[in-house]
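> Chains as they are written, first to last, in the numbering used here: chain A, 2 to 443; chain B, 38 to 997.
None of these hints come from the bench; they were simulated from the model. Treat the hints loosely; a few may be bogus.
[Claimed, not checked] Reference excerpt, derived from the structure (chain B facing chain A, CB under 10 Å, subset only):
no.: 1; residue: L318
no.: 2; residue: L720
no.: 3; residue: K796
no.: 4; residue: R798
no.: 5; residue: D806
no.: 6; residue: V839
no.: 7; residue: S864
Computed from a predicted model, the values in this text were never measured in an experiment. A virtual CB, placed ideally from N, CA and C, is assigned to each residue, including glycine.
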Amino acid sequence: MAPEATLSPASLDERVLSAAERKPPAAWWLALAAAASCMSLGFALMAYTLYMGIGAWGNNRPVVWAFDIINFVFWIGIGHAGTLISAILLLFRARWRNAISRTAEAMTLFAVVCAGLFPLIHLGRPWINFWLFPYPNQRGLWPNFRSPLIWDVFAVSTYFSVSLLFWYLGLVPDIASMRERARPGLRKLVLTVLSLGWRGEASHWRHYEKAYLLLAGLATGLVLSVHSVVSFDFAVSLVPGWHMTIFPPYFVAGAIFSGFAMVVLVLSVVRRTMRLEDIITPHHLEMMNKVILATSCLMAYSYLVEGFTAWYSMNPYLHHIFKQYLWGTYGWTGWTAIFCNCLIPQLFWSSRLRRSAPVMLFVAVAVLIGMWFERFVIIVISLHQDFLPSSWHLYEPTLVDYGILLGSFGLFFTLVLLFARLLPVIATTEMKAHLPREDAHA
Amino acid sequence: MIEDADIRLSRRRFLGLMGATAAFAAGCSRPDRGAIVPFNKRPEGVTPGLADFYASTFQEGLTAYGVLVRIREGRPLHLQGNDEHPGFRGKTSPRAIADVLRLYDPDRLRRPIVDGRPSDWARAEARILPALKAARKPVLLLSGALLSPTRRALVEDLRKALPGGLVHAAWEPACGESEAQASRACFGDERRSRLRLDRAEVVVSLETDLLAGERTEEIAGFASKRAPAGPEGPMNRLYAFEGAMSLTGANSDHRTPWKPSRAAALAFALARALHRKGVPLPSGVDAAALAPFDLDALAREQGASASLLHGLVDDLKRAGRAALVAAGPALPPQAHAACHLLNAMLGAEGRTVDAAFAPPGEALAGLQDLRGLLRSAAAGKFAAAVFWQANFGYASADPELWKSAAAGLPLKVRIGLHADETAQACEAALPEHHWLEAWGDFEPASDLLCLQQPAVGPLYDTRQGEEILLGFARALSKDAHALPADYREYLQRRWRREVYPAGSLVPFESFWQASLHDGVLRRRAAPRPPRRLDGRAVNAAAAAALAVPPPPGFELLLSPGAGVYDGRYANNGWLQELPDPVTKLTWGNAAALSPSDAQRLRLQDGDVVRLEAGGRSAEIPVVVQPGQAPGVLSAALGYGRRSGSVASGVGVDLYPLLGAASVSLTPTGAREALPFAQRHHSLEGRDAARSLSLSEYAESRRKGRPERPLARLYPPQRFPARKWAMAVDLSACVGCGACVVACQSENNVPVVGPERVLKGREMHWMRIDRYYAGPPERPRVLLQPMLCQHCDDAPCESVCPVNATNHDSEGLNQMAYNRCVGTRYCSNNCPYKVRRFNFFEYAAQTREPAGLAFNPEVTVRPRGVMEKCTFCVQRIQEAKAAARAAGRPLREGDVEPACAAACPAGAIVFGDLRDPSSRVSKLALSDRGYRVLEELGIRPSVTYLADLTNPAGPEERRGA
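Bound-form chain A, shown alone (with noise of 0.2 Å):
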């Protein structure tokens, strides 16, 4: 790669270590006040949802789940890109992983930090929440294994978890990295204690990719896992346009189609704000839109699926409600779905655009809103019309259900600019295996 053969380890290094023993700009501050404003802004509304109860949001009978679950799958969808970039890529040795695999690890992290929230507060009860999970106790009282509401409580603490262990083993070198560079102090005390005694021995190579290699494989079947079993919510029930066997394949494939969309947001943004530009190439980003696009294909393929589903079961249910999905009361927000989804991420057809910053940002903020109204789309209307009539019912959000859904962006995007500042946002250690070796000969 020619970007590439500029860069030396020690400038790879510098570049990208000496962010976090900088000073801020004004921009990131800006950035981090509103931000953390709209995380604040999301706590105190939690806390109100907590003091008040789960009328405080627009939930009704039919629909008891709204903005809640919708935002969970979203978030979820969301954590799936840096895995699959991390393991799977790293198992089909896709080299062009290496440049974005941290930041699009951390952001699973973080996405998955916002996805588990939701389920958590949206409980009636949410401080016996620990009933979900199967802890012995003298009453002799299990969680109840056949519901998928449980399968999704191991699976998405099992992601997380091992999410979390991959991005950490992954940073290990790169912080020790920075350690070397710290002045002595806090500082260097905390990056000692985090880079666990790594000294760059030969044996501790051996180790780590061994582990790394394990990981990645273990992920790998948690990438399709994870959606699969937040599928199994949906296709396990009853309800007329959430049973059907589709769903695991459908969702897995949504979620690393917003996944990607975020990735490439925020990649584009921290390549140039941070002068990454040469470290993360158009060819990166180009490789992004180019899954953006295939999955895309995938979504329309899996809307055209689930409307041949809807007409060839001759289920009155299933077929009333994918009508809703276009032509009820939340019509538009079927329509917008399929608008974002699959009809705009066709411009990535042509290389040019695939390539243009602007165009990419577009595309990717149109597959998030897409995504967001897909999984209203799925939850909010299979749920307003089901099989009686007589409990047809609309739902509308309330002030506090929008501020929730801006304080999860609002988390978000703080954990995002802590980690841009304070931990190397490149895999240095990974880009470095890569680089042109000094030694060799053209």
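Got chain A; can you put chain B on it based on the hints?
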């Protein structure tokens, strides 16, 4: 003087006082703060944890309902019908069931108010009695219907005692006056007859809600003719002609939208057609008077099917004595006269229209009489006025007149439960006992007396209304000792004198106790000779009917609200939240208009319109009502109260328009969100609520049931001992809502208020779904009680992550509130959407002492948990314990959930499906039986029996 502390306490009264005091003390503190102390010395006859039942009587207007009051630890908790009360089959009205909440109404007046200040009885008497003593002019007593011989005697005693005399008028705004007028004209007295729907084969309803919730006896009679064993019947046939859609129309076989102003003409035209088919006219009725009424012309005019009307004539002729024609209170007297004529021609008079044991008629004041009295009051013709029961300040229909009357009365005394609109205009407001704290007797029929006894000691410093009047009489009477100090004694004395059979071998005390125990006393009375119809009155009525000009604007039909009645129950949250049986509107009223009018005026549900008549107006939102006759507006009375923390400001007060036959309508452009409990009205072609005509039923039986067993992946659930199940006969069910209220009272179902109903968060465990099918001008109406179906393979159970909902060995789908974390997944997976989520801490919003109405056998659910119907598991447990104590197995009929116990139609049957001889087992196998959404393979435990209709001809579908 009235002694407040009655030293002659009866044992029951003592216990009631004891219990209430204990319960009140316990109820005022939060249970987690106060220590729970067992009875040190248990009062005799009270077993903590076991309910006692006392018979009493609930009166509403001209109806007395025998009830049993369930009492736990001194607190009345739940009401059900008294099965000794003839005709009611142990059932009662939804409003009677709900009225237990009024006992604990936090807004009740707790001590007398004199000149606007809280006071006491001595000061109140000092304020009132000298004025009454000095009265040289008559005193005005305005009350509701008395319906009680002892009350009547008391009014007479008061009349004697007052130096200036007494003018008494009883007014019931919701009872209407045309029926009494017609009865007076046609028969010479005002006796009200019983409508024996249990004897009627062909029923014609003209704008009358025969099947409204409070018509317990009529519903029971109707339902007994509605659920035949097979397609060969026998089954009655109901024709409804009405402007507004009522439950009667909803349950009819043929419903025709018909303008109320033309109802009398229809009845006369039917009489003429019958006469032309050879049915003789009663003597004195002039055939020429009927000549102008032509069925075909009327059919054309009202857009009805002429063949339907001619078929009806044939039906009536065939049914003869078993026919019944009834007109509603909103219709003019001539319509009632025409019905009398029809019933007399058919021989139904004395058979389905039964006046043989009608009690002596009670002359109720009409609106004009009331206005006359108020005008006299304004002119200073009375020394004082006592307002008892009916809320004249609210319902007198003329606010200016009420104000000037109040100004013209030197002293006004309100005897009532609340500081209501009337009390606000009075110098003295005297708090009265709730009827559950009071004594009384009622005479609903000449062969029947009902007794009312206190079920609880007075909660506050109140006195029984009768006792206050008795106190006046005693204080003013020259011979003070001739009258006892308390009303119980007065009642007992009258009973000893006039009811106790002379020469009886039973001592009076035993006779009295036995009557109290039963709650009713059936007396030997000679049936009255059949009433003779005065032909001249009919001729005059026919002439009057002919002379009615078509009213300008919209014809207006005002009827008492299904829950709030004439407004007296408007402070009762249960009744405010009880959906209107037809519109499903809660918390307020709306003017119903036909779809075609709505289209013409471009109005939608919730658009506010101004109604004007006779210089008065009201602004009210509209509801587009399928089946409403074009040109007819209908709305409920009893809303728009101006006092009461629950009642005030809910809905629109339409009393100012009372008496107006027509109104003009102007859209205001404003819009209001209406809290409907059901927002979608079409079944969308689904078959959740099924209806068959008798011929379709015969056809389906001939074909046999398509047996399509669903494939199953898992072995069926096993229920070793028994399997609880329910059957709901949609053909018997009329949709009155008694089950909804009974369930709410039994299971501590919270009231959520209009904003939350609007959001879709109502909490009823039992609801009645109402669907319209067919064209909106002439819809068919399907009604379906819906509750937890206790599915064998319940979809809610498998998805709960913490096992909070699970199945027991007897087929109950249980809910462990303590375990519920509130994921709400169960609600998603419930295809019936019968699970209710506590979005807020509703119980904390209970204003004391309303918490005393909570059933201690049922958990009060905290916020964040899901709840739903339990098949009244507490009653099952109680019955099991009782059976075990008696050393016998549980038997059929031991367990009756609150809904089944309350259903006046007997449409809900509960029992053990494992017992092949149980009623529910047999009904589950009925060829009308089906299970809603059975195709989902979840095996619900509730069998619905398809609704049956009995249309006149194969081509005449219901409503067509």
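> Determine for every hint whether it applies to the structure shown.
Structure-based check of each hint:
Hint on L318/B is violated. Least Cβ distance to chain A is approximately 49 Å, over the 10 Å limit. Among the interface hints, the one on L720/B holds; its C-beta lies about 6 Å from the nearest C-beta in chain A, closer than the 10 Å criterion. Nearest Cβ of chain A to the Cβ of K796/B: about 5 Å, under the 10 Å cut. The hint holds. With a cut of 10 Å, the hint placing R798/B at the interface with chain A holds, because the nearest CB-to-CB distance is about 5 Å.
A distance limit of 10 Å between C-beta atoms decides the matter here; for D806/B the minimum to chain A is near 4 Å, and the interface restraint holds. A least Cβ separation of about 5 Å between V839/B and chain A falls short of the 10 Å threshold, and the interface hint therefore holds. The beta carbon of S864/B comes within 5 Å of a beta carbon in chain A, closer than 10 Å, and the hint placing it at the interface holds.
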